[in-house]
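> From first to last, the protein sequence lines are chains L and B.
According to the working numbering, the first sequence is numbered sequentially starting from 4.
According to the working numbering, the second sequence is numbered sequentially starting from 4.
None of these hints come from the bench; they were simulated from the model.
Any given hint might turn out to be false.
In this list, chains with the same sequence are indistinguishable; a pair is considered to hold if it fits within one copy or across any two.
Taking lysine-lysine and the DSS-like style, the derived pairs with C-alpha atoms no more than 25 Å apart in a straight line are [unchecked claim]: (1) Lys185 / Lys164; (2) Lys358 / Lys18; (3) Lys198 / Lys362; (4) Lys164 / Lys259; (5) Lys57 / Lys386; (6) Lys57 / Lys18; (7) Lys288 / Lys362; (8) Lys386 / Lys259; (9) Lys288 / Lys358; (10) Lys421 / Lys259; (11) Lys125 / Lys148; (12) Lys164 / Lys125; (13) Lys288 / Lys421; (14) Lys358 / Lys57.
Number of protein chains: 2
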Amino acid sequence: MPLTRTPLLSETVRKLLARGASVNAFNILNRLHAADVAGILGDLPEQLRREAFKTLHQRNLTLASEALSELGPERGALLLSEMSPQEISELLQELDPDDAAAFVSTLPSELQESILGAMRTKEASEVEDLLQYPEETAGRIMSPKVFSLHEETTVGEAIRKLQDAGDVEMVFYIYVVDDQGKLSGVLSLRQLLLKRPETRIKDIMVTDVIRVTADTDQEEVAQLVASYNLLAVPVVDQQNNLVGFITVDDVIDVIKDEATEDIFRLAGVDTDERVFNAPRTSVAKRIPWLVVNLATAFLAALVVSQFEGAIAQFAVLAVFMPIVPSMGGNAGNQALTVMVRGIALGELSWANSRKALLKEILVGAVNGLATGVIAGLVAFWWKANPWLGGVLALAMLGNLVVAAVAGTLVPLVLRRMKIDPALASSVFVTTATDVAGFLLFLGLGAAFLARFQ
Amino acid sequence: MPLTRTPLLSETVRKLLARGASVNAFNILNRLHAADVAGILGDLPEQLRREAFKTLHQRNLTLASEALSELGPERGALLLSEMSPQEISELLQELDPDDAAAFVSTLPSELQESILGAMRTKEASEVEDLLQYPEETAGRIMSPKVFSLHEETTVGEAIRKLQDAGDVEMVFYIYVVDDQGKLSGVLSLRQLLLKRPETRIKDIMVTDVIRVTADTDQEEVAQLVASYNLLAVPVVDQQNNLVGFITVDDVIDVIKDEATEDIFRLAGVDTDERVFNAPRTSVAKRIPWLVVNLATAFLAALVVSQFEGAIAQFAVLAVFMPIVPSMGGNAGNQALTVMVRGIALGELSWANSRKALLKEILVGAVNGLATGVIAGLVAFWWKANPWLGGVLALAMLGNLVVAAVAGTLVPLVLRRMKIDPALASSVFVTTATDVAGFLLFLGLGAAFLARFQ
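Whenever a hint applies, use it, and build me the whole structure from the sequences.
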């Protein structure tokens, strides 16, 4: 088995680099898979990471570029920031064109031009072609180096062509094109082995090929590959000309990125954020969401201020007041999360939403009743006041039903309006449960004020 | 191209079923890929879904079982609930053993026995073998039907054996074993095509095979396959005997499930929950988390109650009081989410955590200052009270630093203690920001009380 990355190995590499033994460090890295090299680079402090990458770049350009590709554009770009356009070009032209395009697109546009200018013409034009397609589409993540054969090829010729083809990525499906270069069929490598050499591939290929167009959203591509259990999918242009293919390993990256996007959007974090962004970037990315939350918090404060008189008379109201929106916020978030994931996984649609809503209302009412009764009893015992306990229980029941309705309907309505439900749902749901929570508890509290004292 | 699922197609199938034309509905479903059949079944109301599945089961057992497999155990098991053990066995023995095992494991144990008893002996024993392995391990999700060849096989013989092998899943890598059945190498289908028929595969195989043992956690398997860009990984037992293999399509399911798990755990939702669980199940799954939240809400109430006197004197404190924990909760959740995802993606470890903490404190302080100043100015303008504004601004600054520290350290410490950071982090972080938020604002408020009036 090859060496694999372990904390011990990272530590050894760090120590070697720290005492200037960068060649020894390189000798370790050089025996590893690129993914493990990337992992170790990620573990190193920034200065040593640049040092290690510089040595790698000088001594094994292929491994350096592969490790860069494994790190991905967000983390990898930091390594490039102190290099010359010439050096960056050397690295990027070793990458698959889709990976190189992903890196180039993160750079400032003047730098993009000088890097593409310094790359070999063939590689530069492949990257430029991919950059024509919008971000997050099939065209941007496809490999243009697709292995294809003409319909009239025989099995014997096909095998010879496969033997001669060097520079192709993971060939497992062979795509078949007609005279005009239009995609007409597909066959697997294994099918080639099963047939006589003189058979024309036209006669054995599968003609109903699952394909995507270059402008298809990458999330759709991922869903297609995942649900049909494909290893790769061919990409065609509007005229059905074969222009590239997307392999399952790129699809895995898309699935991970899209899951990160959902997780981050639910928490009000920008989808590009990473643990080791510059602090300035993180501030800029998070503050808009905090300001929105501040506005909704003031809205809640406005509700509370309507009951200042009641609170001044009976300050205990202020003690129990935060419990109701807190519980509502949690319950609403639970419902919301189940809905957002249900939408993402294709289990929930507008068509079956009524059933989901009724279920959530029932769940909210039962949970509201159960936790409301517990909270009411604790309040009764603490302040020896049954009316206070009753008001708290009732407000919680009501707010958990509000949470259920908001948690279910907000993501569905956003989805219906073609807005990503993960993006904006939680602020609406929290606002609803905050406002309703204070209103219910303080409203009921003010109504029963005479009973409290 | 094959028919693909569209809302229109779902609607047509629904209408046909609704007026009893189940054979016509079947004729449509029968032209679709199993994944699309599963999608349409998911769109149908429950009664019609059972109806459609019954017809499918009678007329095309293979498609019915494939669709069942695509639906997955959670949603698929509902379709089985009204069937006899005999009918369930018929369906499950058509599935790949790992899929069948996933279904069987969701059933009550008496039913498990009668279903396994009714299955063909070979299939039943394959499923039973897989069920020996713990849930969420490589052994549970592997296919035991692995295509392997002996080291001494020649390329010519290998090709003949491949031609004869019917019942094997996606062969793209060929695993090579020695006399004792121990895994000794691997080669790709393409390599077979490149060599002369008399070459022994021992001489052309790659010997440093990336492999996993049957007890490896499925998440680790997924990370391995994803980071090394594999299409499949062989599974061995403790003695290195080849016992199965895991294909990339199963890995995609694991990646999706693990992302769902993280998303749900962050929101306090049980990982098995789905939109259309029975309401009773959802209540049972969500209420423990709500009770935990209730306890922390009472803890916050206890903090507020220490300042009852101050609030009674100056009820405006109660108006602004909820803003501080709300902002802290949001900021803490942002930091927490970035950390949890960073841990899941392998970017954050205990080793580089100090840097992450310092960065988060800086981000928290800047965001706290910015939003604190805004909030302070609004409060000053609203209540014409500069001291109130100052207290609010200061409390927010302090609480956003608390949020940063808690949001960074809680997941790291949980991880260090081998607890899933997504599972329990948010309750600790929220408790910290609630308690600190009320304490800071009301404490400062009480200290400056004389200035307010």
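> For every hint, state whether the structure bears it out.
Now for the hints, and whether the structure bears them out:
In the homo-oligomer, the alpha carbons of Lys185 and Lys164 lie at most 25 Å apart inside one protomer (19 Å), although the nearest pairing across protomers, at 35 Å, exceeds that limit. In the homo-oligomer, the alpha carbons of Lys358 and Lys18 lie at most 25 Å apart only across protomers (18 Å), although the nearest pairing inside one protomer, at 60 Å, exceeds that limit. In this assembly of identical chains, the alpha carbons of Lys198 and Lys362 never lie at most 25 Å apart, being 56 Å within a copy and 62 Å across copies at closest. Proximity of Lys164 to Lys259 under the C-alpha cut-off of 25 Å is found in neither arrangement, the shortest distances being 35 Å within a copy and 38 Å between copies.
Taking identical chains as interchangeable, the C-alpha atoms of Lys57 and Lys386 are never at most 25 Å apart, the minima being 68 Å within one chain and 60 Å between chains. Taking the shortest alpha-carbon separations for Lys57 and Lys18, only the intra-copy value of 17 Å comes in at or below 25 Å, while the best inter-copy value is 65 Å. Taking CA atoms no more than 25 Å apart as the test, Lys288 paired with Lys362 passes between copies only; the shortest distance there is 14 Å, against 36 Å inside one copy. For a Cα distance limit of 25 Å, the shortest separation of Lys386 from Lys259 qualifies neither inside one copy, at 50 Å, nor across copies, at 48 Å.
With identical chains, the CA atoms of Lys288 and Lys358 are at most 25 Å apart between copies only, with a shortest distance of 19 Å across copies and 37 Å within one. Within a single copy, Lys421 and Lys259 get their C-alpha atoms as close as 22 Å, and across copies as close as 23 Å, so both meet the 25 Å cut-off. Proximity of Lys125 and Lys148 under a CA criterion of 25 Å is satisfied intra-copy only: 12 Å inside one chain copy versus 44 Å between copies. In this homomeric assembly, Lys164 and Lys125 come within 25 Å of each other (Cα to Cα) only inside a single copy, at 22 Å, whereas the closest approach across copies is 42 Å.
Only within a single protomer do Lys288 and Lys421 lie at most 25 Å apart by alpha-carbon distance; the minimum there is 23 Å, versus 31 Å between protomers. For the homomeric pair Lys358 and Lys57, the shortest alpha-carbon distance between copies (23 Å) is at most 25 Å, but the shortest distance inside one copy (59 Å) is not.
Against the hints set out earlier in the document, violations occur for numbers 3, 4, 5, 8.
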